Structure formats: C-alpha cells, structure tokens
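Engineer: So you can see what is in the structure, the chains are spelled out below.
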Amino acid sequence: MFEKLSYLQLQEYWWFLVGLLGALFVFMTFVQGGQSMLHRVGKSEIQRDIIVNALGRKWELTFTSLVVFGGALFAAFPLFYATSFGGAYYVWMAILFCFIIQAVAYEYRKKPNNLFGERVYEAFLFINGTLGIILIGVALGTLFTGGNFVINEMNLSRWTTKTYGLEALLNFFNIAFGLMLFFVARVLGALFFIKSIDQKDIIKRSRTILRYESFIFLILFIYVVSAILTMDGYNYDPVTKVVNIESMKYLHNFLAMPIVSAMFILGAILFVIGIALGSLSKNENGIFYSGVGVVLVVLAIFLILGYNHTAYYPSLVDIQSSLTIENSSGSKYTLVTMSYVSLMVPFVVAYIVVVWRALSSKKIDEKEIKQDPHHY
Amino acid sequence: MEHLSLVDWSRAQFALTALYHWLFVPLTLGLTFIVAIMETIYVKTGDEWWKKTTKFWMGLLAINFAIGLATGIIMEFEFGTNWSNYSWIVGDIFGAPLAIEGIMAFFMESTFFAVMFFGWDKVSKKFHLLSTWLVAIGSNLSALWILVANGWMQHPVGMKFNPDTARNEMVNFWDVLFNPNAVSKFLHTISSGYVLASLFVISVSSWYLLKKREKEFAKRSMLVAASFGLLVSLFNLTTGDDSARNVAFNQPVKLAAMEGLYEGKKGADIVAFGILNPKKDIDNNESEFLVKFTIPYGLSLLTYHKKDAYIPGLKELVYGDKEHNIISAKEKIQKGKIALAALKEYKKAKKSGNEAKAKEALEKFEKNSKYLGYGYLKSEKEVIPPVAPTFYAFHTMVGLGTWFIILFALTLYYVMQDKIEQKRWFLRLSVLSLPLGYIAQESGWIVAEVGRQPWAIQDMLPVGMATSQIDTSAVMLTFWLFAALFTALLIAEVKIMTTQIKIGPKEA
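Chains as they are written, first to last, in my numbering: chain A, 1 to 376; chain B, 1 to 508.
If you're looking for bench data, these hints aren't it; they were derived computationally from the structure.
Note that this is a predicted model, so its numbers are computed, not measured.
You may find that some hints are simply not true.
What the hints assert, rightly or not - Subject to a maximum C-alpha distance of 20 Å in a straight line, what follows is the list of computed PhoX-like cross-link-like pairs (lysine-lysine):
1) A:Lys362 <-> B:Lys122
2) B:Lys495 <-> A:Lys370
3) B:Lys266 <-> A:Lys370
4) B:Lys315 <-> B:Lys279
5) B:Lys160 <-> A:Lys332
6) B:Lys495 <-> A:Lys110
7) A:Lys362 <-> B:Lys215
8) B:Lys280 <-> B:Lys306
9) B:Lys347 <-> A:Lys241
10) B:Lys381 <-> B:Lys348
11) B:Lys125 <-> A:Lys241
Claimed, not checked - Some but not every residue of chain B turned toward chain A, in silico, with C-beta under 10 Å:
12) Phe65
13) Thr81
14) Asp92
15) Phe113
16) Lys126
17) Leu129
18) Met476
19) Ile491
20) Thr499
Where a beta carbon is used, it is the ideal one built from N, C-alpha and C, also for glycine.
Work out the full structure, taking the sequences as your base and the hints as a guide.
Structural biologist: Below, the structure is given as structure tokens:
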C-alpha cells in the first residue's frame, strides 16, 4: 500500500506524523503546566498531594510522547536529528536534564528517607514545568529562526558557534515562542485540574489563573503569529532544490494551503472557547476544547514549516545547508517500512483512551489520597 | 585528563549513562514478570495474601522503574547529541527500531503502568491482571527493539551504502529484525534480567529470614523466584552459548580478546580462569597468561562443535593468515582508503556533471566499499580492542552466571524441603550475591561494547568517525553533570528502596 506512494508523498506523510506527535506532546504538557503552579494552586500539603497525584497518572504519557517524537525524528528525518541535537548541544542537554529530574520526582517525593526531601522533588517538578517547557519552545522557535550549522558534501553537519545552541536564547522570537508554550501549558494545566480534581480551593485558584494568564498567552500568541506571518522564510526550488529567501514565506504557505489555514483558525477558536469555559463558566470540559484546539494549531504550524517547498530548519551560515523534508529524510524503503508501523498508532491511541477513561471515571479528592497508601 | 580527546569523552559519557541505565533495566525486565506471576496466583486463588505480596514487590518495582526512565531518556537522545555523524551514516537503519520501540512498547508500558499502580480499585481484577502482564510484555518488547538496534551494530545486515547520500540505507527490514546476532542478544539479555530479578527477590527474602521476620512471605516469594530463576538461568546459559558462537562467526577479534587468544590454533582450549600477562603484545613472544586453568579443546568445541576447529588469534586477525583466508588489517585499511578516495571523487564528479568520471569512481568505490570503515583507521593495531577489560569482564560474567544456577537450585531445594530458615550460611550468601548480579550484568555489556572497539558499527564505522563535531569541553561538562546527577539519584534510590524493604510487606 505505502509502496505506491512517491518518495515526496512519504516524506510529507512522515512530516505530518512528526507534526502530530509534536502536537500531541504540546497538548500533554498540561502536566508541565500543572507542575509549574503546584505551590500557586496547592496551598496545603494535602492540596499539593492531590495535584501531584492527578498529574502523576499522566506524566509518563507526556514523557513517552517526547521520547517517541525524538524516535520518529531519528527514523524519518535523521539529518535533522544529527544536525540539531549534535549542534544545539547545550539547549538539548538542558532540556534532557529537566526531564531526567522529572522522572524520579513523582515516585520519590513522598517516600521516606528519600535523601533530598519533599521540597527538592517539588523543585524538580517546577524546573521541569518551567525551564523544560520554555527551552523546548525555544528549540521549536529555531525551526523558524534557524541555526548556525553547515552540512558538508558527505551530509555531515557541524555547528559554527561555540555556544552550541545557547545563542537561540538571545533571539526575541524564540524566547516569545518558548514563553507562549509555557503559558499554553499552564492554561491546559489549569483546565486539567478543573476537570479531574474535586477540591474547591484548587478549582477556584485554577479558574483565577486561567482568567489572568490567558491574557498573557493571548498577547504572546498574537505577537508570535504576527511575526510568523511577516517574517522571511526559506523556500526551495522543487526541481533544482536550490534554497532562497522568500519574503513572508509562511503567510504564502497559509494562503497556498487553505485546509491548513482552516485547521489553524479552528484550533485557535477552540482553544479560546476552552479558556472561556474554564474561566467564565462552571463548565469543566474546557480541556477538551482547548486540547483539540492546541493539537490543530501546533499541527498546522508544523505543516506550514515543512510543506510547500519550505526549508523547515534554515541554516543561518550557509543557506544551501538548510534542511527540508526532502534532503533530510530517511530512504524510501525505511519510510515505507515505518509507514506500516504507523498503522499501529490508532490502536495505541484507542487503548490510551480506554485506560484514561477507566482511571479518570472518578475525580481525585482528599479522601482518595488519604485512603491510598501508595499515593505519590 | 586533558589528553583525552573528544571521542574519549563522548565514549565515556555514553558508557557512564549506559552503565547507570543498566543498573535499573534488568530488574524491571524480570520483576515485572515475577509480579505478574504473583498477581496471577492471586487472581486464580482469590487469596488476599498474594495480593499483598504482589503489591509489595510492585512497590519496589516502581522505585526502580522511575530511575530507569530517568536514566533512559538520555540514551535515545545521546545518539543525536554526541554521535551525530553516526546518526546520519546509519540513522536510516538504526532509527527505525528506536521509533518502533516508542510506538509499540513505550506507550504500552506507560499506559498500563498507571493502571497497575492506581487501578486496583478502579478496574476489574482481570483487567488489572491484564495490565500487569502488558507492562511486563511492554518493557520486554522495548528491550527487543533496542537490542535489535544493538545487535545490528555488532553485525550490520540488511543495508547498502548509498554513495549519493553518503550513508547506509536499509534494504531489508526482516534481515535487520531477524539478524541472528540480534535474536541471541535479545534472548540472552532479557533472560539475564530475569536472573537478576529472581536474585533480587531471593536476596531480599533471605534478609527477612535472617532477621526472623516475614517468614511466610519470604518463603513463598523465594519459591516463585527460585523456580523462575532456575528456569531462566538455564535458558540464559544456552542463549549465552549462542551469543558467543555469533561472536565467533561475526566478530572474531572480540572472541580472541574475550579469551586472551593472541595466536590462533586448532583445537583451542577455553580459559576457565586466568590472569593475563600485562606485558603481552601481538609482536612479542611473552606468554599470554601469568596463571591459567583451561579446559582442553573447549573453545573449538563450543564455537564450532568440532574438537580440532581453528580459532584465529589477535595476531592472525591483525597481520592476516593466508592459510585460513584471513585478510590482514593493513590490506583492509588500504582498500578502505581507496574506497574513501573513490567516494570523494564520485561526489566531485557528480557535482561537476562529469558522468563518465563519476561512473569510473563509483566502480572503484564499489569494489572496495566492503572495507570503507577501515579507511578511517590510522594503524592496523587499532583493530584490537582493549584485551584485559574484555577478558576479565567475560570471565566474571560466565563465572557468576554459573554460581547463580547453583544458588537457584539450592534455594529451591531448601525451600521445598522447608529447611531454608535453618541454613543461615546460605541465607547470608544469598544476600551477598545480590551485588554480584549487578556486576554480572554490567560485565556483560562491557564484553559487548568494549570488545567491539574500535567500531561503533562493526567493520563499518569507527567510533572516532561517529562523534558529533563539538568542543571536548562541552562533553566534559555534561559528563560531570551526568556523573553527579545520576550518582545522587542512585543514592536516593538505594536509600528509598532499602527503607521500603525495612518497612516490609505488612505496610503494603
């Protein structure tokens, strides 16, 4: 079945899947958003326990989404994997450190004799929820703003600045992108608490956070979208593959792909509806609207980055080294093989949904935490 | 340490993170199954006592699992961060198992792990049991895919070098999946994990019996663990034999290092115990060992099932041996350099549009491409891995593996005879054997990885060519950060684990 697709179609299919995984990961960062406001929303020990346990049943899925996102990039676009991870070394390493400390924090936080004490593990969760997400946002921002790399005739990459990715932190757009992602995570985190926790103080504080922080998010969102629509992009000739700079490339991409534009607009509307439901009404289902919304918006962003003859990872040093879905992908055989594997994805999503529903059938409350000796 | 180069620090960091990660993975691989067996007994018998036992071991599993995840995430991304040339040159083949691992195994593990811990009162008994088994299957499936990837690095198959992209590309997925090296590696590695988990349960239970507490719990746990352990350790022995035979066929230099065999011979002995002579080199006539006890013809018999089979030594593998059709490393390096030069010529001719010259260069390249990797080596002796660590690690692993079979058999016997409580010397020995289990685990990986040097991909890509081109100081910095963080987390894990064991199953 997949053998009949052209090489370019397979590359587009895999870019779509990578985008979808990235979008699902961003949705799942409600875990990080929730962690970042642990002490803001949870004012007593029992409240913090409730929050940690609500998030603790989901955190591994977020973690897994990130790992699979990385794995899919490795298999489908190995030149990006090699260039970005091997070049923007410090940024990726900092992100990984933020996720390493998260992985032990849930399990070890409440355990007796845990060496560091409860507060340190809570600090681990906070660092993961703030720095981890902001840095991921900065790294994603570089897909628009580019990196300092060159690729030689053997397709081996080399970073040209000794700051190995840290220079991305000096770019205003990247920082705004990172902060926007951070506030998306917090908005989703607050909506998740409203849906899954039965504790009135936590709900009240979550709704307050939504009211204020959704404004900060909106300001950042408007800035980032305006910047994307007006910035130069890197276009490549479909025949010669020569890369050139095109003014307002991403705006042109939106106009050239109306379905993607519709996806983006619908996603943004759904996201705002979710916020409105969570902050202005007693409705608890805002997470679904905002969740679907964020997936659509992020997926649309990935599609305008990689489709329509666009270099999705521009090189600031040598324009012809810029990465496109065509010059950075795996071979046709590997993409076909991996495409068969991708048929398992709906099955995976189905069992995740079944388990999620089974575990979330009842909201978490104080009683449950007090009764369960195994709680986080 | 200033003399260490980028590749040394990159290797050191990978070794550090891999060795830490492997302190936790085997226990997870085995304990998930032991817990699933215990829960099955609970569901079958309805005996609440088994539920309590299951929950206790499950609690310890969770502590171990968390740090396994923490140390695991870095492993995947390090291929990109520290081995970016590798990621491009073989990513087309290597990336696929990693992505499949994520889709097939990681989601299964993480989804059902939540049910296993938080679903006791939320889902039915049978659904919970199914979830526990799915965690066990998921974690073992994850091992399958990463070991397929590692097996491929030891014996690359199912691919072809594409001169246009300057990388190896997959041409047969099934060859990669059913690579004999990968199959035996997978079976040997997961069964070694089951051995460690059985040892863990027996050691903890022995400690309870020594302390004269949790007697019934300890004995029942020991019965499950010793039965499981004996079975899997015997299986581990056969898969180990299969693994060693694969090494003999595909990585003869590694086999020679594992056995300290400098000169090839027919009817080669196997070394049961030996102390290597540190002065020995392939160019001198020093004896290979200071002390050794050997089993006559053992190596020839085990590898080729023939008493007088020829096993090449390091000397023949470096300098060649016409009688046995062994090409010298020098010749391979020469051919490799021709292949590299031809590849460059090909790329240049292609760029300038000179098709005739490109064709000529391509023919030259293809004639020598089998030895492309050797073209990156500077001297013929580089093909010899560090002999001492490979030899000692191999013999430590085999010796300890044999001891574990005896330990499981004795435990089973004493438990079934209801004499285990009286055998206090044996209980002490069982407790002391737990660290030996970890030593055996790490030794196995030292044999596999140190014995493969200088190759990242056997005969194809040396480690020096596989690294990311970044400053050594950047890798040094992250090395020390990992060393500090992982050590701190390990101390925390051990403290938490021992505290939970001291609290005991009554609180479970």
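Engineer: Does each hint fit the structure? Answer for all of them.
Structural biologist: Comparing the hints with the structure gives:
A threshold of 20 Å between alpha carbons decides the hint, and for A:Lys362 with B:Lys122 the separation of about 9 Å falls inside it, so the pair holds. Distance restraint check for B:Lys495 and A:Lys370: the Cα-Cα separation of roughly 24 Å exceeds the 20 Å cut-off, and the hinted pair is therefore not satisfied. The hinted pair formed by B:Lys266 and A:Lys370 fails the criterion: a straight-line CA distance of about 71 Å is larger than 20 Å. For the given pair, B:Lys315 sits about 15 Å from B:Lys279 by alpha-carbon distance, which is consistent with the 20 Å threshold.
Our distance criterion of 20 Å between C-alpha atoms is met by B:Lys160 and A:Lys332, whose separation comes to about 13 Å. For the hint linking B:Lys495 to A:Lys110, the alpha-carbon distance of about 13 Å falls within 20 Å, and the restraint holds. Straight-line distance between C-alpha atoms of A:Lys362 and B:Lys215 comes to about 38 Å, which puts the hinted pair past the 20 Å bound. With a CA separation close to 28 Å, the supplied pair B:Lys280 and B:Lys306 exceeds the 20 Å bound.
Taking the CA atoms of B:Lys347 and A:Lys241, the gap is near 17 Å; set against the 20 Å cutoff, the hint holds. Pair hint B:Lys381 plus B:Lys348 does not hold up; C-alpha atoms about 32 Å apart against a cutoff of 20 Å. For the proposed pair B:Lys125 and A:Lys241, the alpha carbon gap of about 59 Å is over 20 Å, so the pair is violated. Interface hint at B:Phe65: satisfied, since its Cβ lies 8 Å from the closest Cβ of chain A, which is below the 10 Å cut-off.
Because the beta carbon of B:Thr81 sits about 5 Å from the nearest beta carbon in chain A, less than 10 Å, this interface hint is met. For the restraint placing B:Asp92 at the interface with chain A, the shortest Cβ-Cβ distance is roughly 5 Å, inside the 10 Å limit, so the hint holds. Interface hint status for B:Phe113: upheld, as the beta-carbon distance to the closest one in chain A is roughly 6 Å, under 10 Å. With 10 Å as the threshold, the beta carbon of B:Lys126 stays out of range of chain A, its nearest partner Cβ sitting at about 13 Å, so the hint is violated.
The closest approach between the C-beta of B:Leu129 and any C-beta of chain A is roughly 14 Å, which is over the 10 Å cut-off, so the hint fails. Contact between B:Met476 and chain A, as hinted, is not supported at the beta carbon level, the nearest pair being about 12 Å apart and thus beyond 10 Å. Of the supplied interface hints, the one on B:Ile491 holds, with its beta-carbon coming within about 6 Å of a beta-carbon of chain A, less than 10 Å. Against a cut-off of 10 Å between C-beta atoms, the interface hint on B:Thr499 holds, since the closest Cβ of chain A lies about 4 Å away.
When held up to the earlier numbered hints, the structure conflicts with 2, 3, 7, 8, 10, 11, 16, 17 and 18 and fits the remainder.
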